[in-house]
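Going line by line, the protein sequences match chains L and X.
Quick note: the first sequence, position 86, residue 86 per full-length UniProt numbering, numbers continuous.
Quick note: the second sequence, position 10, residue 10 per full-length UniProt numbering, numbers continuous.
It is possible that part of the hints are untrue.
To be verified - Within a straight-line C-alpha distance of at most 27 Å, the following computed DSS-like cross-link-like pairs (lysine-lysine) qualify:
#, chain 1, residue 1, chain 2, residue 2
1, L, Lys-333, X, Lys-61
2, L, Lys-419, X, Lys-58
3, X, Lys-61, L, Lys-346
4, X, Lys-72, L, Lys-346
5, X, Lys-74, L, Lys-346
6, L, Lys-49, L, Lys-121
7, X, Lys-74, L, Lys-419
8, X, Lys-54, L, Lys-219
9, L, Lys-96, L, Lys-405
10, X, Lys-58, L, Lys-219
11, L, Lys-333, L, Lys-419
12, L, Lys-333, L, Lys-406
13, X, Lys-54, X, Lys-38
14, L, Lys-249, X, Lys-29
15, L, Lys-121, X, Lys-23
16, L, Lys-96, L, Lys-268
17, L, Lys-333, L, Lys-394
18, L, Lys-405, X, Lys-38
19, L, Lys-406, X, Lys-23
Read the hints as simulated data drawn from the structure, not as lab findings.
None of these values were measured; they are calculated from a predicted model.
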Amino acid sequence: MAGAGGGGNDVQWCFSQVKGAIDDDVAEADIISTVEFNHSGELLATGDKGGRVVIFQQELESKNQPQCRGEYNVYSTFQSHEPEFDYLKSLEIEEKINKIRWLPQKNAAQFLLSTNDKTIKLWKISERDKRPEGYNLKEEDGRYRDPTTVTTLRVPVFHPMDLMVEASPRRVFANAHTYHINSISVNSDCETYLSADDLRINLWNLEITDRSFNIVDIKPANMEELTEVITAAEFHPNQCNTFVYSSSKGTIRLCDMRASALCDQHSKLFEEPEDPSNRSFFSEIISSISDVKFSHSGRYMMTRDYLTVKIWDLNMESRPVETYQVHEYLRSKLCSLYENDCIFDKFECCWNGNDSVVMTGSYNNFFRMFDRGYRQDVTLEASRESSKPRSVLKPRKVCTGGKRKKDEISVDSLDFNKKILHTAWHPQDNIIAVATTNNLYIFQDRLTSIQ
Amino acid sequence: MSSENLSDTQMEYEDEKQDSQEKNTNLVKGEEVKLKAKYPGLGQKPGGSDFLMKRLQKGQKYFDSGDYNMAKAKMKNKQLPVAGPDKNLVTGDHIPTPQDLPQRRSSLVTSKLAG
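So that you can see chain L by itself, here it is in the shape it has in the complex (with noise of 0.2 Å):
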């Protein structure tokens, strides 16, 4: 049984890298909180909770060796953000990286935007493989010379040296928000981007930091009439007045730059009616939206919440035009999974390129694909058992009850502590990368003959 991958049964997802310590004991450092290809898919960018920054570079040579191409390796590694106490607010704010966003390449360099709950930063790494030799005024480690001491003069020449890639905070967009933030989002000009936390909305230049505009405001004047909170925003790919942001309550609002200086008054809003007859105390709780990413083409949106993902028509505001089922056995287990927090954990989401395929994580390790047009879903599995370089990894299934056939999974045997919460599609090809607590895993398609 193959999976699905935009080719209907054609596709076979394969093993290719696994990056991170093997052991148990995970520092909590270590948890990996952010997943992001850059617009190419030669960078693949990790933030963790403890403020760090990895970026692994595509091998150049697999790329046109088909079997390879998964092949990712270290290319850059930062410290991107420090804990901090807000003394005045009796406030501590946590290192972790809650969103990495690339910027469109421009030029030589390569910059992204990394976040923690209060603070936005623009990253440029850029590559240096060659050092000017020859200074006159200069030794070569760098002290001053004498002038005096010089009685020739030569020209600097640049030589060839070990490739470094070094990474620079060019920007630090701070002290803007007074929530935590959980969305950044690039403009298509290029030129802004913004900055979500769960009440407000920011619109930025990219090349001011000490002015931002607020473009969303839901902070209701008596904070006990506070009933729901933003969780995730996203602008539109290719329409640069038009962004959306989805709701604790399960509602996306889209909102249209030029209508007004302060979006408050939403252009649509996307929300499924409820049955009446299914509101239960859960309800309101897993119907709130981790996370909203527009398709690469703009034409339609995909929402989380937890146990489903949709696919929004922007031309219909009334329902969703495809639901998908994410782990619907998980009802049964609502009560514990309240208890134990999990019902609060945040899923993201993601399009392959050619917006065929939709993929989330799950429990115990799995993630699910869905091919949207030949209606297959897939549950697989990252684990260290089906870790042999270029394995198909087997399609994995949780039985809900009654007898388990062999290979199943029961629903009480699922490792909750497991869960896979982001995921990244490389924008081009079928390469995706999937993050477990600690561990990176990189699996690609196993290309058929037939094409």
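With chain L fixed as given, assemble chain X onto it according to the hints.
Just chain X now, with coordinates in the frame of chain L:
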């Protein structure tokens, strides 16, 4: 295919969908009953507000200098009270000491992903 057959299949599908939706509702309602049995006070306020407030206040560490000085005065002759089981909670009569405070994590270690 006759149109009659088509609508039959469609009706069957709708019935199945309704059945599974009912089953789902029953499952979820069952879970709700379980939860309310364990925590009778739960759900007095709407399920949202409590957890929303908790979410907004993440990271808040309170220190009241008035409490601290009162406690110090009270404790002049006695031993300092031992930290409770939750070392992160430092309020009221308990006098915080450097040992009680959560350790700042060292940020100099390279990520294991890069190793």
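Hints, verified against the model:
For the hint pairing Lys-333(L) with Lys-61(X), the CA-to-CA distance comes to about 33 Å; that exceeds 27 Å, so the pair is violated. For the hint linking Lys-419(L) to Lys-58(X), the alpha-carbon distance of about 22 Å falls within 27 Å, and the restraint holds. For the hint pairing Lys-61(X) with Lys-346(L), the CA-to-CA distance comes to about 24 Å; that is within 27 Å, so the pair holds. For the suggested pair Lys-72(X) and Lys-346(L), the alpha carbons sit about 43 Å apart, so the restraint of at most 27 Å is broken.
For the given pair, Lys-74(X) sits about 46 Å from Lys-346(L) by alpha-carbon distance, which is inconsistent with the 27 Å threshold. For the given pair, Lys-49(L) sits about 16 Å from Lys-121(L) by alpha-carbon distance, which is consistent with the 27 Å threshold. For the suggested pair Lys-74(X) and Lys-419(L), the alpha carbons sit about 48 Å apart, so the restraint of at most 27 Å is broken. With a CA separation close to 16 Å, the supplied pair Lys-54(X) and Lys-219(L) stays within the 27 Å bound.
Simply put, Lys-96(L) and Lys-405(L) have alpha-carbon atoms about 41 Å apart, too far for the 27 Å limit, and the pair is violated. The hinted pair formed by Lys-58(X) and Lys-219(L) meets the criterion: a straight-line CA distance of about 17 Å does not exceed 27 Å. Of the pairs offered as hints, the one joining Lys-333(L) and Lys-419(L) holds, with about 16 Å between alpha carbons and a cut-off of 27 Å not exceeded. Our distance criterion of 27 Å between C-alpha atoms is met by Lys-333(L) and Lys-406(L), whose separation comes to about 23 Å.
Between Lys-54(X) and Lys-38(X) the alpha-carbon distance is near 21 Å, which keeps this suggested pair within the 27 Å criterion. Under the criterion of a C-alpha separation no larger than 27 Å, the hint pairing Lys-249(L) with Lys-29(X) is consistent with the structure, at around 19 Å. The hinted pair formed by Lys-121(L) and Lys-23(X) fails the criterion: a straight-line CA distance of about 48 Å is larger than 27 Å. With a C-alpha separation of about 33 Å, the suggested pairing of Lys-96(L) with Lys-268(L) is violated against the 27 Å cut-off.
In summary, the hint linking Lys-333(L) to Lys-394(L) is supported, as the alpha carbons are separated by about 26 Å, within the 27 Å threshold. Between Lys-405(L) and Lys-38(X) the CA atoms are separated by roughly 34 Å; this puts the pair beyond 27 Å, and the hint is violated. Only pairs whose Cα atoms come within 27 Å are accepted, and Lys-406(L) paired with Lys-23(X) is accepted, the gap being roughly 26 Å.
Hint compliance for this structure: hints 1, 4, 5, 7, 9, 15, 16, 18 are not met, and every other hint is.
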